[in-house]
Structures are given as structure tokens and as C-alpha cells.
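Trainee: Spelled out, the chains give:
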Amino acid sequence: MNKSMLIKNSRIIDPSQDLDVIGDLLITDGKIKEIAPDVKKIPTDCTILDAKGMIVCPGFVDFHCHLRQPGFEEKETIATGSKAAAKGGFTTICCMPNTDPALDNKATIDFIKATSALEACIRVLPIGCITKGRKGLELADMGELAEAGVVALSDDGSTIADSRIMKQALEYSLIFGLPISDHCEDAMLSNGGQINEGIIATRLGLRGIPNAAEENVIARDIGLAKLTGARIHICHISTEGSVELVRNAKKDGVRITAEVTPHHLTMDEEMVLDFDTNAKVNPPLRTKKDIAALISGLKDGTIDIIAIDHAPHTDNEKLCEFAIAPFGISGFETALGSLMKLVHNRDIEISLLISKLTAMPAKIIGSKFSKLGTLKQGAAADITIFDPDAEWTVDTKDFYSKGKNTPLNCHKLKGRVMATIFNGKVVYKDKSVKLGVKA
Amino acid sequence: MEAVGQIKAIDLKDEKPQPAQKIWKHKHILDLDDFSPSEIDLVMQTTEAMHEILSRPIKKVPTLRGKTVVTLFYEASTRTRSSFELAAKNLSADISNLTVSSSSVTKGESLIDTLETIEALGADIVVMRHPYSGAPNLASKHVKASIINAGDGWHAHPTQALLDMYTMLKHKNSIKNLKVTIIGDIIHSRVAHSNIWSLTKMGAEVTICAPSTLLPKGMDNPQPYFPKVNVTTDIDKAIKGADVVMGLRLQLERQQSGLLPSIREYSRLYQITEERLSKADNDVIVMHPGPVNEDVEIASTVAHGDKSVINEQVTNGVAVRMALFYLLAGGSHNE
Ligand SMILES: [Zn+2]
Numbered sequence: 001m002n003k004s005m006l007i008k009n010s011r012i013i014d015p016s017q018d019l020d021v022i023g024d025l026l027i028t029d030g031k032i033k034e035i036a037p038d039v040k041k042i043p044t045d046c047t048i049l050d051a052k053g054m055i056v057c058p059g060f061v062d063f064h065c066h067l068r069q070p071g072f073e074e075k076e077t078i079a080t081g082s083k084a085a086a087k088g089g090f091t092t093i094c095c096m097p098n099t100d101p102a103l104d105n106k107a108t109i110d111f112i113k114a115t116s117a118l119e120a121c122i123r124v125l126p127i128g129c130i131t132k133g134r135k136g137l138e139l140a141d142m143g144e145l146a147e148a149g150v151v152a153l154s155d156d157g158s159t160i161a162d163s164r165i166m167k168q169a170l171e172y173s174l175i176f177g178l179p180i181s182d183h184c185e186d187a188m189l190s191n192g193g194q195i196n197e198g199i200i201a202t203r204l205g206l207r208g209i210p211n212a213a214e215e216n217v218i219a220r221d222i223g224l225a226k227l228t229g230a231r232i233h234i235c236h237i238s239t240e241g242s243v244e245l246v247r248n249a250k251k252d253g254v255r256i257t258a259e260v261t262p263h264h265l266t267m268d269e270e271m272v273l274d275f276d277t278n279a280k281v282n283p284p285l286r287t288k289k290d291i292a293a294l295i296s297g298l299k300d301g302t303i304d305i306i307a308i309d310h311a312p313h314t315d316n317e318k319l320c321e322f323a324i325a326p327f328g329i330s331g332f333e334t335a336l337g338s339l340m341k342l343v344h345n346r347d348i349e350i351s352l353l354i355s356k357l358t359a360m361p362a363k364i365i366g367s368k369f370s371k372l373g374t375l376k377q378g379a380a381a382d383i384t385i386f387d388p389d390a391e392w393t394v395d396t397k398d399f400y401s402k403g404k405n406t407p408l409n410c411h412k413l414k415g416r417v418m419a420t421i422f423n424g425k426v427v428y429k430d431k432s433v434k435l436g437v438k439a
Numbered sequence: 440m441e442a443v444g445q446i447k448a449i450d451l452k453d454e455k456p457q458p459a460q461k462i463w464k465h466k467h468i469l470d471l472d473d474f475s476p477s478e479i480d481l482v483m484q485t486t487e488a489m490h491e492i493l494s495r496p497i498k499k500v501p502t503l504r505g506k507t508v509v510t511l512f513y514e515a516s517t518r519t520r521s522s523f524e525l526a527a528k529n530l531s532a533d534i535s536n537l538t539v540s541s542s543s544v545t546k547g548e549s550l551i552d553t554l555e556t557i558e559a560l561g562a563d564i565v566v567m568r569h570p571y572s573g574a575p576n577l578a579s580k581h582v583k584a585s586i587i588n589a590g591d592g593w594h595a596h597p598t599q600a601l602l603d604m605y606t607m608l609k610h611k612n613s614i615k616n617l618k619v620t621i622i623g624d625i626i627h628s629r630v631a632h633s634n635i636w637s638l639t640k641m642g643a644e645v646t647i648c649a650p651s652t653l654l655p656k657g658m659d660n661p662q663p664y665f666p667k668v669n670v671t672t673d674i675d676k677a678i679k680g681a682d683v684v685m686g687l688r689l690q691l692e693r694q695q696s697g698l699l700p701s702i703r704e705y706s707r708l709y710q711i712t713e714e715r716l717s718k719a720d721n722d723v724i725v726m727h728p729g730p731v732n733e734d735v736e737i738a739s740t741v742a743h744g745d746k747s748v749i750n751e752q753v754t755n756g757v758a759v760r761m762a763l764f765y766l767l768a769g770g771s772h773n774e
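As they're listed, the protein sequences go chains E and C. Take 1 as the starting number for the first sequence in my numbering and just add one per residue. Take 440 as the starting number for the second sequence in my numbering and just add one per residue.
Hints were generated in silico from the structure; no laboratory data involved. By construction, the Cβ of each residue, glycine as well, lies at the ideal position given by its N, Cα and C atoms. Misleading hints may appear alongside valid ones.
[Claimed, not checked] Simulated crosslink set (DSS-like; lysine-lysine; CA at most 30 angstroms straight-line):
{"no.": "1", "chain 1": "E", "residue 1": "K41", "chain 2": "E", "residue 2": "K52"}
{"no.": "2", "chain 1": "C", "residue 1": "K580", "chain 2": "E", "residue 2": "K288"}
{"no.": "3", "chain 1": "C", "residue 1": "K640", "chain 2": "E", "residue 2": "K288"}
{"no.": "4", "chain 1": "E", "residue 1": "K412", "chain 2": "E", "residue 2": "K438"}
{"no.": "5", "chain 1": "E", "residue 1": "K404", "chain 2": "E", "residue 2": "K434"}
{"no.": "6", "chain 1": "E", "residue 1": "K318", "chain 2": "C", "residue 2": "K656"}
{"no.": "7", "chain 1": "C", "residue 1": "K580", "chain 2": "E", "residue 2": "K404"}
{"no.": "8", "chain 1": "C", "residue 1": "K506", "chain 2": "E", "residue 2": "K404"}
{"no.": "9", "chain 1": "E", "residue 1": "K318", "chain 2": "C", "residue 2": "K583"}
{"no.": "10", "chain 1": "E", "residue 1": "K429", "chain 2": "E", "residue 2": "K397"}
{"no.": "11", "chain 1": "C", "residue 1": "K656", "chain 2": "E", "residue 2": "K289"}
{"no.": "12", "chain 1": "E", "residue 1": "K8", "chain 2": "E", "residue 2": "K431"}
{"no.": "13", "chain 1": "C", "residue 1": "K718", "chain 2": "C", "residue 2": "K609"}
{"no.": "14", "chain 1": "E", "residue 1": "K412", "chain 2": "E", "residue 2": "K226"}
{"no.": "15", "chain 1": "E", "residue 1": "K371", "chain 2": "E", "residue 2": "K299"}
{"no.": "16", "chain 1": "C", "residue 1": "K640", "chain 2": "C", "residue 2": "K718"}
{"no.": "17", "chain 1": "E", "residue 1": "K288", "chain 2": "C", "residue 2": "K656"}
{"no.": "18", "chain 1": "E", "residue 1": "K289", "chain 2": "E", "residue 2": "K113"}
{"no.": "19", "chain 1": "E", "residue 1": "K425", "chain 2": "E", "residue 2": "K8"}
{"no.": "20", "chain 1": "E", "residue 1": "K318", "chain 2": "C", "residue 2": "K580"}
{"no.": "21", "chain 1": "E", "residue 1": "K41", "chain 2": "E", "residue 2": "K376"}
{"no.": "22", "chain 1": "C", "residue 1": "K580", "chain 2": "E", "residue 2": "K412"}
{"no.": "23", "chain 1": "C", "residue 1": "K466", "chain 2": "C", "residue 2": "K679"}
{"no.": "24", "chain 1": "E", "residue 1": "K289", "chain 2": "C", "residue 2": "K718"}
{"no.": "25", "chain 1": "E", "residue 1": "K41", "chain 2": "E", "residue 2": "K438"}
{"no.": "26", "chain 1": "E", "residue 1": "K289", "chain 2": "E", "residue 2": "K434"}
{"no.": "27", "chain 1": "E", "residue 1": "K397", "chain 2": "C", "residue 2": "K583"}
{"no.": "28", "chain 1": "C", "residue 1": "K580", "chain 2": "E", "residue 2": "K397"}
{"no.": "29", "chain 1": "C", "residue 1": "K466", "chain 2": "E", "residue 2": "K318"}
{"no.": "30", "chain 1": "C", "residue 1": "K583", "chain 2": "C", "residue 2": "K506"}
{"no.": "31", "chain 1": "C", "residue 1": "K667", "chain 2": "E", "residue 2": "K288"}
{"no.": "32", "chain 1": "E", "residue 1": "K289", "chain 2": "C", "residue 2": "K667"}
[To be verified] Away from chain C, derived, C-beta distances all over 10 angstroms, residues of chain E:
{"no.": "33", "residue": "T28"}
{"no.": "34", "residue": "K40"}
{"no.": "35", "residue": "T108"}
{"no.": "36", "residue": "K132"}
{"no.": "37", "residue": "E197"}
{"no.": "38", "residue": "R207"}
{"no.": "39", "residue": "W392"}
In isolation and in its complexed conformation, chain C is listed as follows (with noise of 0.2 angstroms):
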């Protein structure tokens, strides 16, 4: 199979998972770093599988009959929460969701300590959330479980950048040479982590742009541990033939800490406009994780204007999670 990052629904089984897909490796999903472009390719299709699925009136299947997702969530989202767990529901599975207030990581409560009791409910599969990097990484090393990273400090957002991967996709025949400039708050974006690999290994030319004090460092020279991407503090440039401009939530307490002058001095010099969109290729759409501070990092008009895809990537969300849990629970990562 050619990994280009097209879309091209496969025949898809909905009583039980596939056997052995040969392309399938992986037993958690923690980073994009690790995976092949055929992998992400064959997550692009299952997603479209999905996608049929959810636009049927019976949307329910039996792949995780009998199966148990546990989704572990030390920081609050309920819309990421939701959208795993509508996933895991239309795919038959038991659902148990767990919360743990941010403040008992600090307590000392032991990460490994709760994991265990997560496996000791029987779970097959851990949705996690954390607000240190790296979690997840230590989870996966100390259950059984399969554990897909749901968010972790500023390190990866994996699920986020293949529906936003998938969302492309939709209005664009390919990733492969692709202009996609990401703006915002990139050194502490673990959503603007994952899309520049996922992104960068599909062939995309990818852009980042941020003031100076918000882009990663090392960026110069990143190979071999990042991708290599363009990166500016010029935002006009940034945009100029873009054919995906993708917007980042700004957190408000960035200013506290001496990393901008003010949220208004942001918002002048880095906020996604209908002007500076106009220099955009015709054809651009217009992306945002989510929640959007709105006139902070993106414009109103933008976000809801006819250029914008915001709605649809909440959409494409539930299907590539249901991808997921399917390749997880059929892939060939036992062999």
C-alpha cells in the first residue's frame, strides 16, 4: 500500500475485528513519533469505516463486546472524555470512567498504585489524560492494558492529530506536500506536538509560527529527535498559500508568567483574521482543537465563518477513536 494519506474506505468486518493486519503494531498509543505512515494510513481508512458506521441509524457493532475501557482522566474534559466514550459505546464495550483531581498527582498518590487497581477491574483498555509528560509512557510499561494517551502535559495529543489528519483529508485529496501552518501557543501545545509528526511523516510541508517565546527550542537543528518544519514569528508569511491553518488555545495564565506582554499585544500581532486569512490559498480550511478562546487566538467571524472545520473535527473525533479501539483490539501487535 502506498502511504500517501488518501482516504479509501476498506471492506470493513463489523462482527469481529480483522485477524492480522500485517501494518498494525502497536499495543498503546502514546505518540505519533513511533508510527509508520502506513499505520497512520490504515487509521485514516478505518477511521472512513467508522465514519459509514456513525451515519447509519443503528450505529452500535459488536467489536468490544465483552471488553472494558477505563477512562482515566487527571485533568477535566468533557469533550474529549465523551467523545472516547461515545467511541467505546458505539463498538459494544463496558465503560467504567474514573476522575482524579489534578492535585493528587502532587499528593504523592502513585500513578502505578491506581493503574493497578484499574487492572484489577479487569480493564482491556486505558483512555488516559495527565497533566505531566510522559505519563502515559510509564503506564504502558506497568499494565497490561492497552493504554491510549489522551492528552499528556505538552508532550502528545496523538487521537487529536489524527482527527485533525482525518479532517484534512476530507476537503483535501492528500497530505503529501500539503501547506499546514500551525499558530499559537506551539511549545506548550501537545496538540501542535502530534500533528507535526503525524503531519511531517505523511509529506506535509508544515509551519509554525508563534511570538519567540512560545516556540519550541532546538528548532534549528531537530533532526534526528523532531521533525524539521519551517518556523517563523511572522504570521503573514505563516499564512501566505496555506491550504490548512490551524489555530491553538492560548492559556490566559501565559501572560503571567512573563511570556507575553498582554493578551490584547497577542491578539494584534497573532490572532487568525479574515484579512490575514485572505492570503491564504482559496481553498483553506480553518482548524481548532478546541475550546476556542474566540478574538484571543482566532477571530469569531473566522471560527464560525464558511472556512472554518471546527465543528466537523468533533464530528471526525468519535470516528477515529472508534478506529482506534478497533485496531487495538484486532491489530497484530501480539505477534
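Only chain E is shown next, with the shape it has when bound in the complex (with noise of 0.2 angstroms):
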């Protein structure tokens, strides 16, 4: 691979600095070195990429996906989810801490850490436990894990029930600034729940989970955040409720983000209708009035980042009862076709949908972990290239994520991701794009 490459006549999105620019966009060194409208001084031996037609923007950053490593190694490696998570656009990636054993301590923090320098082919961040085990029981050292480094903090998967533990955490916190990173679900409103309750619960005659299992412990957080002044961000929030309840509580002052994933803006509960397990999801697909809800969350500002929760599971897991199939959605290779439709049915523009996928997460990390969503003068090359327009079909036969676990096999999107690069190196890269080299 060559030291430089040239990016030429795309148009280039960097909401970190408001730039929506017609032009060419110059990498040396693995790091950006000019973005014009025409670069003149062109390095020998540059790598010519023409991306005429295409979007450049930063390259995606995901705060909150499942790499099942170590444990759940038949589900999806280090390897084989960052692999997949490259092919979606993503250069960053933060796993939650949901494997076996659990993230909970340094050494956990460090396999993740030395794997992913040798086998992933893009920036893994790893997220601490807040409590051992995530048993919800006692904290977790967040001392070591920070020093570690761990960009956050969560037992997601399942929400710490006990207030008092979920208090301290938060009080606890403080001492490192790390986000507490919360899976919000009332387990004993959802115990047993399949699909969001409603009428499509009650046509296929299975449990539904209420919307207020989700918002009670929304409403909860809140007011810990607020009593303990620390750091909570909101996971995967998929409910109308949910997001006058974070609107509410940022006009309040509480330091409070949220997440909201591909599926829950552009899936309703209808996707089940067939007992697709493939749409069993936690929290559930809801109504389209609650896809309404979120997706003006996300343009007033209420909902911040776009997360993608990638929770990759076998064929086998899948191909069963409705009830005892596991949840989650393979995302990476699907986030930006889905989320297009987004922006192609005006519901929002196109540097909004990017910031939230590159300058708000990068925001919420923090510049600890080096400067990510960006694209200024200096900042590591971390560039995605997609083409807006760009129809294609979902065949989950080219996934490279091992979770083939869709419910958008076969379906039609618009919007791909051409090329994705990780300091400066192509780390993927679609067939129809062709490289040239400034002799």
C-alpha cells in the first residue's frame, strides 16, 4: 500500500467542522493532509481513488455492538465482526462486555485489546462492566477497567434492578468520567415478553413486552443521574415514551445521551408477522407512531448517535420457536442501506444521519481514545465512501459477519458502502471500485 492516496471528486461530509464540499480529499502518512477543491500537489505513487458521485465523511464509529469474543466464538470472532463492521463503513467499534467470562477486569480488557491488534482491521474499543459478572450485585473495579481503557460502562443485556447498586455506579463514576452506558428494561414487566405488546402480540398469541418496561427504568436513571450528577447514556431507546422522557431530562440539565439503532427507525413490529425470529429483537420492533417518535428524537437532537447494536447469532439459535430464539439483529452490513431510506424519504438530511454516526459518537467517547469523527487536518485517515444511491440486495450469504440473523434478507436497499479505510489503508473495499496510482 502506498503512503498516500487521493480521494477525488466526491462530495466530502464532515459535520465535525459544518463541510459539505465539492472536492478532492488527500491522505498521507495514514492521516488526512488536505481536503480542496482540487489538490494540485499530488505525492508519486499516490493511490488514486475517484469517487465521483459518492459521499466521503468520517469514517462510522459504533459505540454499542456484540463481538461475542471470548465465548460465544460459533456467534462471531473479533475478527469476523470487525471484518463486518468494516464492510458497513465502520472504522470504530465499541463491544459491549456480555461475553464469557464477562469484560469485567484487565485481563478480560486486555484480551480484547491484544486480539483486536492482531486480528481486527479496524479500532476495537472495549466497554467495562458496571457490576462483577454483570450480576448487578457489586461494582466492577472501574478504576483498573479505566485505566485499562474502556470507553464506558454497562451490564448490557440486563439492567441492574437494584437502585441503590444502580446509584452507586453512577456516584461511583464520577471519579473517572466514564459513561454509564444503561440497557433499560424493567425484567419484571418484560419477563416472559416476545414482541412489543399490542395487536401483533395479540394475533400471534405471544407475550408482549409494554413500552413501560423500557421507560420505567428510563424514568429511574434519570433520576439518579440527576440526584448523583454523573454521566448515563441511554441504550438502544425505542419508544415514543422514551424519548419525551431524555427530552425532559436534557431541557433539565441531566448529562444524559442516548442511542437509537437502524432497526428500531425503520422497522415496525409487522416484521414479525410471519414468527420471523429474525426480527426478535430486545428491546422489540414498535408501532410506526413510535418510529415517528424517534426519528424526531434524533433530528432535535434528543436521541444523539445512531448505535447499531450487532448482536450476531447462529443459523441453529435461530431456526426454531418463536419463543425460545434468541434475541438481536446482525447490523454492521446493513446500517447504512437501511438508514439511507431515512434520508431518500426526506425524513432527514444526509450530514445529519452522518453526524450521528461519526462527530456525536466521537463526541460521547471522548478525545481520550484519539481524535475520531473526523475528518480535520491531521486526524487519523478514517474515511468511509458510499454511494447514496446505489440499489442493492441483501444476501446474507455474503455477509461476513458469522450472524446471518436479518430480517432484511432479500430485501432491497439504497445505499452502499463502496470503500472503507482505517488509517489510511483500505481495510474494504467493493468490487466495483477500482484503484488507480499517479505514475
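Hints given; two lone chains; assemble the complex.
Mentor: Here you go:
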């Protein structure tokens, strides 16, 4: 690979500096060198990528994914998960600690970092547990986790049921300034639930998960964040009521951020009508009304970021009766294509979408972990190039992820990642993209 | 044919299935949500013909000779299984029975694996009872055999709803505009769900009545996903003027899960009693899919009273299931 690369003739969008121009982008030594309408001084041996008609933006940053390693390597590994992420346009991904063993101490974080350094094609940043073994009983050694390099703390997959423990976790996290990222689910209320509570659940004879299962815990967390002054981040927000709670908390000055997934933004509960276990996800797909509220929350800043919650499972695990199938959708490789629907439908601007995938998650992670989500001069050359109008049909056989569990198989999407560049290196490239070299 | 749910016995050739019943589209019987009114009509008329066969001294006809019917029950139900068995036997099918303990489901023993075994046995029709909603739908995607849902979770029990409708037609002229009230644990009842589909398709006016904790969710605005029915917690209002009153079995563990304060209170507030029934239409019939918890959801005097058709339902079950076997064997689903 050459040390320099020129991406030509593209539309360059970088929300971190309010940039939206047509022009060229030059990379040298793995860093952003220059953005100009027409870069004149091109180094010799420079790789040339003609990106006419495409959009060039900072590499996507995902704040919530499951790489399943260690412990569940049949579902995914750091190698396969990062490759799938690169194909989806991601250059930084933050992996959740619900592995086996759970990421609740320095040794497990070191394992993620070492394995990532060797096997991941992009940047993997681990998230550590809030409580030991994710049991919700005793705090994990947060100081040790912070020193080991976690970007946040989360017991994702479960909620800390004991509000006193949650309060203390928030208080203690203040020492390190790390956000507590909470999977908000009142387990007593959602117990045994399969899909959104409502008429589809009635039709299918499945136990419903009411909105309040999510909203109750968000309301509690807001109260505790207010009390402690700590940072709270709400995972995969899914209901209209949750958006309203977060909106009001922000008005109140609570240090709260929130994420939404592509599937909650683009698919409703109808997706499970044929007992499709690939559409079984937690929180469940909700209603069209909830989707409208999520989009408005995204637009007015209530919802800070889009996070993928990539949750791969094996075919066998999903090929069973609905009630015993695991929750989760494999999301990296369809993320952009499904999110672009919002842009094509004129629900949101493209710059807003890119911001929620780049500058905003970078802001939550903080600059401690290198300057992410930007094309500013001198930043790491983490870049995503996509064709906003390319139509394609999802075929899970082409997935790099081991998890083929998506309800979007055979669906047509419009918007496709053409290349992903990490630290100046092309880590993913669509077959149609040709690289040239300047003599 | 006008589909109004009236019985008009059709001329049935016993020897072999009629070649192409243009109306019949089903390879599987999973639920009644995808049945057309004409199909339901056809089932009613075919059932009438089967009913006639059942009154003969020799009940056996060769419709399913050489065909294998397998019953696969993950929940014990002697009544339903023997009804299917008898129906298959009357049509000269070979029958195998497989009982799988429902604990094997949670142990991760794969339904798909079991179905593959059944397929290897050469099953043409699999009659399936399963504790999880949607299990027959899954099965239908993985085997060549026809699947008949004999009850899945809280989802559907199509053959029960069809035999209920046939029983109603034996007493009423038409399903159209019939006032049918279903009382009891609606949310957990596959029988109620399938009845709501078939009855509303045929133009009945359906009312469901239960304590609010046992009413299904989303019923204020159910369409297009579910039929519109009257919903009430007031049993007297529900029974008033009804042509058919159907009770449902109350699982006694509903109390433990906090859905009901006590079985005693349930009986006091929601039991179908003679007094309450006196407000119904004079010719009301009382139904129940069985087995009945006497003096819980229905007073024993009502269950055994002259308005009760509960025993007929059992007899009609065999005829309906014969009709469904017959239609599956000769229907035009492969065109
Ligand atoms: Zn989660």
C-alpha cells in the first residue's frame, strides 16, 4: 500500500467541521492531509480513487456492538465482527462486555485489546462491566477498567435491578468521567415477553413487552443521574415515551445521552408477522408512531447517536420456535443501506445522519481515545466512502459476519458502502471500485 | 357460491377425493386468518357429508388409503388426539402417534430434527400440538408433508373453531349476523383467537368478555392485523341477546401470576350461570371447548343443561377433522 492516497471528485461531508463540499481529499502517512476543490500537489506513487457521485465522510463510529469473543466464537469473533463492521463503513466499534467471561477486569480488557491489535481490521474499543460478572450485585473494579482503557461501562443485556447499586455505580463513575451505558428494561415487566405488546402480539399469540418496561427504567436512571450528577447513556431507545423522557431530562440539565438503532428507526413490529425469529430483538420492534417519535428525537438532538447493537447469532439458534429464539439482529452490513431510507424519504438530512454516525458518537467516547469521527487535518485517516443511490439486494450469504440473523435478507436497499479506509489503509472495498496509481 | 355459512350437503364421492376443488387453496391448516369465506363454507359442507358417513353402520371410507398421518403432540391431549385419530381411521389412513414431552422443547431438542424424522417415516399429514405459538408455521416451512395445527400456544386452534362453527350451524340457520359471545381467558386462548377469525369472516357479530387482565391487547384499533369485535368486562352486557355463549377453560395458575385475585372472585364475577344466561336470546346455545372446570367458568347446571351443546362439539370434531383430511388430500393447492 502506498503511503498517500487521493480521493477525487466526491462530495465530502464532515459534520465535525460543518463541511459539505465537492472536491478531493488527500491522505498521507495515514493522516488527513488536505481537503480542497482540486488538490494540485499530488505525491508520486499516490493511490487514486475516483469517487465521483459518492459521498466521503469520516469513518463511522459505533458505540454498541457484540463481538461475542471470548466465549461465543460460534456466533462471531473480533476478526469476523470487525470485518463485517468495515464492510458496513465503520472504522471504530465499541464492543459490549456480555462475553464469557464478562469484561469486568483488566485481564479480559487486555485480551480484547491484544486480540484486536492482531486480528481486527479496524479500531475496537472495549466497554467494561458496571458490576462483577454483570450480576448487578457488586461494582466491578471501575478504576482498573478505566486504566485498562474502557470507553464506557455497561451491563448491556440486563438492567441493574437494584436501584441502590445503580445509584452507587453512577456516583463511583464520577471519579473516572466514564459514561454508564444502560440497557433499560424492567425485567419483571418484560419477563417472558417476545415482541412489542399490542395487536401483533395478540394476533400471533405471543407475550408482549410493554413500553413501560423500558420507560420505567429510563425514568429511574434520569432520577439517579440527576441525583448524582453522573453521566448516563441510554442504550437502544425504542418508544415514543422514552424519547419524551430523555427530551425533558436534557431540558432539565441532566447529563444524559441516548442512542437508537437502525432497526428501531426503520422497521416496525409488522416484521415479525410471519413468526420471523430474525426480527426478534430486544427491545422489540415497535409501532410506526414510535418510529416517528424516534426520528423527531434524532432531529431535535434528544437522541445523540445511532448505534448498531450488532447482535450476531448462529442460524441454528434462530431456527426454532419463536419463544425460544435468542434476541438480536446482525446489523453492521445493512446499517447504512437501511438508514439511507430515512434520507431518501426526506425524513432527515444526510449531514444529520452522518453526524449521528461520526462526530456525535466520537464526542461521547471523548478525545482520550484519539480524535475520532472527523476529517480535520492531522486526524487519523478513517474514512467511509459510500454511494447514496446504489441499489442492492441483501443476501446474507455475502455477509462477513457469522451472524446471518437479519429480517432484511432479500430486501432491496438504496445506499451502499464502496470503501472503508482505516488509518489511511483500505480495509474494505466494493468490487466495483478501481484504484489507480499516479505515475 | 355465496359464502354465508349455511350447511348445504354437497354430493360427495366416497371413493376418491374430488380432483380440483377450485375453492380450496390450503396445503397446511395453520390458522383461519388466511381462510376465505368460501373455503370455510366448503369445510362446513364437506363436514356435513362426513357427518352423514358417521351415521352409517360402516363408517370406513377409503379416501386416505395408503396415506400416512402422524400425530405429533408436545402437550398431552387425549381428546383432541383421539378425535384426529378416529377421523384418520375412518378415512383408512395409516396412523402413527408421537408424544414428545414438552420439557424436550426447552432442552433444545430441535423441532426441525423431529420433523425430519417424521418425514423419513413417509408422513403425508402431520397433526401437531405444541406449547409455543407459531411452531406449526415453522414446521410448515421445513417439511413436505401437510401440517394441521391442533393447537399452538396462545395462537391458534383452527380445527376447534371449525367444529365450533359447524356445531353452531347445526342449531342456527346462518353464521351471518349471529351474536356470539366468548367469555373467559381470551388473551391466552387459541380457541378464542381462531373463533374470532372464522366467525367474523362469516359475518357474525362477536363479543369478547373477560376481566381486563385477561383481555387481549390492542383491541381498540385492531385492523388490519386482527378482526374488530366488541370488547367488554361486563358479563351481563356481553350475554344480553346473545345467540351463542361460549365459555373458555380457565387455567388455575392465572391466579398465581397475579392476573386474578382468586378463582372464587372469578367465578363470582364471570361464571356463566343460569341467571345470567336468562338474559340471552331464548334459543341461545352454550358451548365450551372442554375440558370444563365445572362451577368455575361455567355453572355445572348450565354445562349439563338443555342449552348446552358441549357433547355435540366432541362428536362434530371427528366429522370436521375428516373433512379437513379429505380436503387436504384432494384439494387444489398444487395448482
Ligand atoms: Zn441491550
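Trainee: Which of the stated hints cannot be reconciled with the structure, identified by number in ascending sequence?
Mentor: 4, 8, 14, 18, 23, 24, 26, 37, 38
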